[in-house]
Every structure is written in structure tokens, then in C-alpha cells.
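Residues 1105 to 1309 in this note's numbering are what the sequence shown lists, from first letter to last.
Quick caveat, the hints were computed from the structure, so don't treat them as lab data. Each hint should be verified, as a subset may be incorrect.
[To be verified] So the derived label-pair ranges between C-beta atoms look like this:
hint, residue 1, residue 2, range
1, 1181, 1213, 25 to 33 Å
2, 1156, 1224, 33 to 41 Å
3, 1150, 1252, 23 to 31 Å
4, 1181, 1218, 17 to 25 Å
[Claimed, not checked] Computed cross-link-like contacts, DSSO-like style, restricted to lysine-lysine with a CA-CA straight-line distance of at most 27 Å:
hint, residue 1, residue 2
5, 1148, 1232
6, 1148, 1192
7, 1192, 1232
8, 1156, 1192
9, 1232, 1156
Note that this is a predicted model, so its numbers are computed, not measured. All residues carry an ideal CB built from backbone N, CA and C; glycine is no exception.
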Amino acid sequence: MLTLASKLKRDDGGKTGRASGASDSTHRVSIRDRLLTKGTGTCKASFPDEDKLHHFQLAVSPDEGYYQSGRFQFEIDVPEAYNMVPPKVRCLTRIWHPNITENGEICLSLLREHSIDGTGWAPTRTLKDVVWGLNSLFTDLLNFDDPLNIDAAEHHLRDKAFEVELLLWLLSEYIYWLKWLKGKTIDMPHVSICLKLYENRADEY
């Protein structure tokens, strides 16, 4: 896995001859944000384009709570005005979460450019803070009282079926795979059992 720090180091040492435009965009990511690589082990950064360090993806794999064992992908864009303004973040993984919509919009206070309670973005914040914030959306910052996805929040407050619904969302990507296996001649009893448990909801995904 190529980390942000290693990418910055390689950029400093091996790309000095590139055009100034590419160099400028690369160095929009502050040197202090190398601390991103020392963050929680449940997060991993990747760079779809090696020449664009201001655009990267973050995979969050919670190790506790409702979303334990899931893997959620985020897209992060660092604008030219960073760090006077926050990065733009979107969730790429379809998820049932009170603070993330099905379209990937995120409710996280530190990503707010203007905030009256002092919890929003400030020039002193870094990408490491963003990573910790996104990671915490699945643990201590999981907020059912001030939701962006009202349906998900009300579902949790209304009954305990929230955990079942969440499990179905996490397993939805495997439903069609299970159906495919069931059509094969290989004897796999557990596939039929899984389908029997989830077949009533599979068609929703």
C-alpha cells in the first residue's frame, strides 16, 4: 500500500522536473499531513492517479460497533484553497448510516466550512483530522440524534431491527453471488441456508 508520506517523499525526490502546474497541485497537500500515515490501522489511503496527491481514496474498515468487518470507501479532494477550506469528501460505498446518505453525502462537523459551535473546519486542522473523523463516524461520532439520513436514524430508534437491516446492507453485494452458486452443481448447503435467510430481502438490492 502506497501511503501519503511515501508518495510525498517520492514526489519530492523524483518529480522535480515536472511542469510547475503538477508540482503546485501536488504540494497543496501540506507537509504536516504526512502524519496521515500514522493514523488508525483501520484506515488505508490509495491514490488512483499518482500525479494527483490532492485526490485520493480512503478505505475504512471498522473493528468495532455496528459496522465491524465492513469496508467503506471514501473519495477525498483537496481544493486549491486548502487549508483555509476543508477537503471535499464523498462516500463511494452504499451504506445504511444515519450520518451518510445513500448518495454519499456526509454529515461530519469538521468538514463544515462555517460552524457556530467551533467544531467546524479551521486552518489548523489537517488531513489526519479528516481521516480520524471519517473513522469515528462508525464508532464514537455515530450520531442518531442529528441525522442526515433520517430514515436510518428513525429505524434505529424505532426498533432493534436496525442491526438486521444493516447486516443486509453489508451482505447485499454477496446476494447475487450466492444465487449464482446455488445454480451450480456443487453441493454447498450453506449457500442454500444463507439464501433462505435473506431471499425475502435480496431483491431490494
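A quick look at each hint next to the structure:
no., hint, result
1, 1181 x 1213: 25 to 33 Å, "violated (19 Å)"
2, 1156 x 1224: 33 to 41 Å, "violated (26 Å)"
3, 1150 x 1252: 23 to 31 Å, "holds (26 Å)"
4, 1181 x 1218: 17 to 25 Å, "holds (19 Å)"
5, 1148 x 1232, "holds (12 Å)"
6, 1148 x 1192, "holds (18 Å)"
7, 1192 x 1232, "holds (14 Å)"
8, 1156 x 1192, "holds (15 Å)"
9, 1232 x 1156, "holds (18 Å)"
In the structure shown, a violation is registered for the earlier hints numbered 1, 2, in ascending order.
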